[in-house]
Amino acid sequence: MKAKHQRLVLVVIAVAAIIGAGLLAAWALRNQANYFYLPEQMAATPPAVGQAVRLGGMVKPGSIVTERDGVTVNFMVTGNSADAIPVRYSGILPDLFVEGSGVVAEGSLSPDGVFIATNLLAKHDENYVPREMEGMGTEKAAKMAADTTVGLK
Amino acid sequence: MTAEIGLAALWLAAALAVLQMVSGFAGLRAPADAAHPLAIYTRPAAIVQACLAVLAFFMLLRAFAVTDLSLKLVAANSHSMKPFIYKVTGTWGNHEGSMLLWVGVLAASGGLLARFERRLPERTIGATLAVQGFVALGFYAFLLLSSNPFERLPVPAAEGSGLNPLLQDIGLAVHPPTLYAGYVGLSVAFSLAMGALLTREVNPSFARVMRPWVLGAWVLLTLGITAGSYWAYYELGWGGWWFWDPVENASLMPWLAATALMHSVSVLAARDALRTWTIMLGVLAFSMSMLGTFLVRSGVLTSVHAFAVDPERGAFILALLAINIGGAFTVFALRAGAVAEGKRFAAVSRESALVFNNVMLSAILAIVLLGTLYPLLTEAFDVRVSVGPPYFNPAAAMFAIPMLLVMAVGPLLRWREDKPARLQFELALLASVAIAVIALIAVLGDFPLLPLLGLGLAPALALAAVLPLRGRRLARVPVATWGMVIAHFGIAVSLFGMACEGAFTEERLAAVAPGGTEQVGDFAVTLDSVAPVAGPNWTAIEATLSVSEDGGPPVILTPQARTFWSPPQSTSESALLTRWNGQLYAVIGNQTEDGRWQVRLWWKPFVTFIWLGGMLVALGGVLAIAGRVRVDLRRRMAAQKGAERRADLEALGAQPVPAE
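These protein sequence lines are chains A and B, in that order. Numbering of the first sequence is given in this note's numbering, commencing with residue 1 and proceeding in unit increments. Numbering of the second sequence is given in this note's numbering, commencing with residue 154 and proceeding in unit increments.
Hints listed in this document are in silico derivations from the structure and should not be mistaken for laboratory results. Because the structure is a prediction, the values reported are computed rather than measured. We put the beta carbon where it would ideally sit given N, CA and C, even for glycine. Treat the hints with caution; some may be incorrect.
[Unchecked claim] If you only want the chain B side, here are some residues facing chain A, beta carbon under 8 Å, derived:
1. 491
2. 494
3. 529
4. 533
5. 539
6. 551
7. 552
8. 564
9. 568
10. 659
11. 661
12. 697
13. 751
[What the hints assert, rightly or not] So these bits of chain B aren't anywhere near chain A, every CB distance computed over 12 Å:
14. 182
15. 194
16. 234
17. 391
18. 429
19. 495
20. 542
21. 595
22. 615
23. 741
24. 790
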């Protein structure tokens with residue numbers, strides 16, 4: 001192989017692999033990225049059953065019900081409209097998870113329309129302050145959420 | 154006074170960085186044989202600058218140690234009631250302090266380079282130090298103009314507002330400084346690459362100078378990532394060890410680039426091949442360090458590490474990033490064509506195995522980079538997304554698995570050219586081990602694909618790691634080769650830990666009344682009592698769990714739910730029971746209305762192997778450095794002895810021969 005030739009082959013292989021990785025990433029990101037929904041968005045255009053998404057809003061006052069096993073909680077998340085999404089979560093609740101507080105639930109919709117949360121993010125988890133709650137303008141739910149999740153100082 | 158001395162030292166250091174840059178570049182303009190009159194200042198400037206920057210850092214350290222509340226930074230991030238150790242580590246637990254640490258380490262490594270490196274041509278060292286000065290100057294400007302750590306308050310605060318309790322942990326004492334030292338080690342590699350490119354000295358002797366810096370940076374990054382992963386594991390109380398959090402990715406990306414660079418610089422040193430590729434990776438590795446700093450410091454991504462959400466600072470770092478990286482790639486584009494072609498090699502050879510792995514590492518880097526930046530990109534279009542394990546795990550594995558396969562075979566191949574037929578036995582052995590293990594485990598149970606592949610690959614990789622020692626006298630194997638063997642073995646150990654954690658973890662989540670017992674794995678966990686406790690700056694609910702393994706004598710675990718009062722925040726302190734074959738992980742939650750307590754338990758088989766493997770990898774790196782340094786010292790001593798003997802002979806020869 002000529003000297004220039006080998007270098008060219010190496011460059012072509014490297015570029016091909018990186019572009020391949022980029023295309024794969026782009027394709028996977030479209031499918032696997034975790035979209036953020038407000039309750040009214042989820043009510044209007046629900047995500048596919050089982051698709052991992054995030055739901056952010058306000059815990060509806062009076063809606064928190066703990067099941068008999070002591071670790072499963074059901075509650076409703078509301079936003080700017082009257083739409084409320086039922087959420088079920090099994091696990092240890094964030095400390096400042098109370099009625100009327102802002103919350104972001106990570107999880108997916110089940111076939112019966114209940115949002116099964118695998119993780120709840122609230123003020124307790126300063127490490128993951130829900131970014132989605134920031135800068136949403138005057139929307140009431142987002143504002144309340146931001147007050148309870150971000151304004152720590 | 155402390156703060157004023159620190160600030161003055163910082164300004165002086167910035168001025169010296171200018172001198173270092175100007176005199177270094179002046180040296181480049183002089184003709185090859187004549188020294189430029191300004192060039193003599195480069196080394197002294199670098200050394201004095203290092204002393205000043207370190208002095209500035211120690212001044213801030215002192216201000217934190219004595220809790221000088223007239224300093225804005227101390228008042229905002231410390232508290233007089235904090236334990237002393239966390240007062241000190243709090244110095245770099247904030248934006249300004251950590252940037253000062255960055256600059257301090259950067260200047261110190263430049264000073265070391267200026268003081269001790271004599272192997273390279275003076276012009277190359279001059280150019281290297283000039284680049285180093287240029288990079289440092291950007292950070293000095295950043296510190297002095299937009300995040301001055303020594304800013305005084307008009308009226309001293311009565312009390313500080315405390316430090317994020319999650320960061321009040323011994324993990325913080327070691328984690329960021331280790332990572333920063335690693336980032337900065339890569340900046341030296343970057344400066345050396347630029348210096349060599351500018352003076353057309355891209356050759357094996359340059360690679361031998363660069364190698365210890367790359368290895369050192371890589372060892373520190375490995376340790377930093379390992380420590381960070383363990384910290385997240387026990388401090389966040391979520392039972393996971395890697396979250397693909399943007400900040401974790403920010404440390405992983407330079408590591409991937411550094412791993413590639415380390416291998417490619419070894420090829421350049423040993424075989425004089427991959428010249429341009431090594432330079433390219435040098436630029437890439439430092440770009441990733443800068444990008445990591447940008448992501449963490451600018452607040453564009455929110456996470457536990459993002460202390461400041463300040464658009465001005467973000468813009469500043471972004472500008473620095475653009476100038477440094479843009480400049481580097483411009484120089485690269487202009488000069489890369491002038492780098493002579495290195496030695497060639499066949500398609501089946503150790504070089505090409507290394508090239509393949511370099512490319513795979515770069516591809517994983519691209520995957521992680523795109524995944525980390527994607528939420529920022531979509532936000533520009535007002536779509537809010539987050540990217541997590543469902544993306545990262547399969548996409549990264551798609552490149553990691555071929556890389557691991559080639560890693561098993563690569564060290565067995567010969568340099569320059571080899572025949573696959575020579576390795577028939579080894580290949581068959583490794584393949585049969587992997588396939589047998591996968592088949593066995595697939596029969597035994599239903600496990601996810603990735604952990605299954607990991608379980609099969611791990612023993613094959615462990616075996617492959619020690620195969621290069623076959624048929625060699627162990628006492629005569631070079632230390633650096635031991636380093637490679639141990640590092641590759643460490644990868645296998647770590648992979649085994651990850652796969653076991655993924656496949657065999659058992660979880661139990663329940664509300665337990667005092668006296669009640671839950672079973673997880675082989676352990677019976679009884680909730681004895683729950684009681685309030687208090688620490689120096691927190692109060693907590695502490696559960697007493699007695700854990701009995703297979704009916705054996707009980708061991709007491711005390712997980713806590715802590716509430717800090719300055720700043721007000723809660724953390725979950727997990728309790729761990731470590732066995733040789735895994736860890737029991739216990740977290741206490743809230744009390745239910747009927748008086749039971751939420752308890753979350755995990756039995757994680759072999760999870761400790763993840764970090765054990767990481768430490769082995771780092772140990773391998775240390776051995777590689779030690780081996781190289783030893784060979785280098787011997788060579789120097791031999792050269793010195795030879796020179797002495799020649800001088801002696803000449804002296805003898807000059808004497809008139811005495812008559813018999």
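Exercise. For the hint on residue 697 of chain B, does the least C-beta distance to chain A fall short of 8 Å?
Worked result: violated, 18 Å
Exercise. Against chain A, is residue 659 of chain B within 8 Å by beta-carbon distance?
Worked result: At 16 Å from the nearest chain A Cβ, residue 659 of chain B fails the 8 Å test, so the hint is violated.
Problem set entry | Restraint satisfaction for residue 552 of chain B [CB to CB of chain A, less than 8 Å] | holds, 7 Å
For this session: With 12 Å as the threshold, tell me whether residue 615 of chain B passes as away from chain A on beta-carbon distances.
Result: About 27 Å separates residue 615 of chain B from the closest Cβ of chain A, which puts it past 12 Å; holds.
Exercise. For residue 741 of chain B, is the shortest beta carbon distance to chain A beyond 12 Å?
Worked result: At roughly 8 Å from the nearest Cβ of chain A, residue 741 of chain B sits no farther out than 12 Å, so the non-interface label is violated.
For this session: Measuring Cβ to Cβ, find out whether residue 790 of chain B lies farther than 12 Å from everything in chain A.
Result: holds, 38 Å
Problem set entry | Restraint check, 8 Å cut-off on beta carbons, for residue 661 of chain B near chain A | Constraint on residue 661 of chain B not satisfied, violated at 10 Å.
Exercise. Just checking, residue 234 of chain B versus chain A, shortest CB gap more than 12 Å?
Worked result: holds, 19 Å
For this session: Tell me if residue 494 of chain B is really an interface residue toward chain A, meaning its C-beta lies closer than 8 Å to one of theirs.
Result: With a minimum Cβ separation of about 5 Å from chain A (threshold 8 Å), the hint on residue 494 of chain B holds.
For this session: Please settle this one: residue 429 of chain B was flagged as non-interface, so is its CB more than 12 Å from every CB on chain A?
Result: violated, 8 Å
Problem set entry | residue 391 of chain B and chain A, when compared Cβ to Cβ, separated by more than 12 Å | violated, 8 Å
Problem set entry | Check on residue 495 of chain B being off the interface with chain A, judged by Cβ distance over 12 Å | violated, 9 Å
Comparing the model with each earlier hint shows violations of hints 1, 3, 4, 8, 9, 10, 11, 12, 17, 18, 19, 20 and 23; every other hint is respected.
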